[in-house]
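Position in the sequence shown counted from 1, then plus 37, gives you my numbering.
Some hints could be false.
To be verified - Here are the simulated lysine to any residue pairs, SDA-like style, with alpha carbons at most 20 Å apart:
| hint | residue 1 | residue 2 |
| --- | --- | --- |
| 1 | LYS187 | TYR115 |
| 2 | LYS201 | LEU105 |
| 3 | LYS187 | TYR240 |
| 4 | LYS278 | LEU295 |
| 5 | LYS220 | TYR115 |
| 6 | LYS220 | TYR240 |
Simulated from the structure, these hints should not be mistaken for lab results. As the structure is a computational prediction, the values presented were derived from the model and not from experiment.
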Amino acid sequence: MAIKLDKKLKKRLLFWMIIILISLLSIPLIIFDLKISKSIPATWSKSWFSLIFDQIGIGIIFIPIYFLLLIFVLTINYSLIKTKKNKQIIYWLFNIIYLLINVLFFYYNDSFNFKKDSKESLYKLVGSLVCILVSFIFYFSLNMYIYKKKLYKDVYWLSNISSKTGYAFFVIFFSQITVQLLKVIFGRLRPDEVINSNKDFYYAFEPNFSSSRGNSFPSGHTLSASLLFVFLFFFYLPNKKTQVLKIITILTASIVTLLVGISRITMLDHFASDVYFSIVILFIYMYYSKSVVNWFRKKIRPRNL
């Protein structure tokens, strides 16, 4: 019992140390937000880097959502669907619909609106195609692995992996809701509006009560990219392979999040603090996810007995 309390105390101390460090790091970003944005050359907003990673930031969220939904479909098939034919119908129907939604999302987002002699539309098209290609490779590889290992009928694997989806769902759902609520509450104008349209500048956490409102704070694209970190919940086996996969996931998620975040700043769509606090929001939800979800499960369990 004493060991458990000691671990909890260390965990809380570490958490608050990180929070203090995050707060200290945020101070210069908040103070110099406008200076940072003004120092960015105007040409960067339409550069290949900004536009390609802007598209990646929009669509990368499809990857973790697909994973959660696939696990849900496989669990339903195993638990409730009796015939092999019906299982296959549900499985293929899910994949076809999801892939169509994935492609149509970019199509209706004007990512495929290519115009001749327009570099901007070309960069957007390239970014969306890269995102779709990476997503499809992930979907294919994941399904091949699951079916090669016959995990779709492994009750132990399904049980363990399904329990972890609750943590990931909690992070994805509530972090997205939080970002949208903060956008509405603070109404911060984007750097482009402040610099190029001479509108008022507002600091992070400074409410905008004027009639001219924006949705700069915090950055939704950056949060979407950082949601790749939810895959860490699924590496629960204590072995070398799992540790390697964790490191690869952390590096991949960190690089993608960083590049998407920088692209949002160079596009003058977000201040540096908008990007920074999106990552902070993710960190807080990742930290509390297991405690909250486990507490909720304990509360509802007696009712299901």
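Q) Are there hints from earlier that the structure breaks, and if so, what are their numbers? A) Of the numbered hints, 3, 4 and 5 do not hold.
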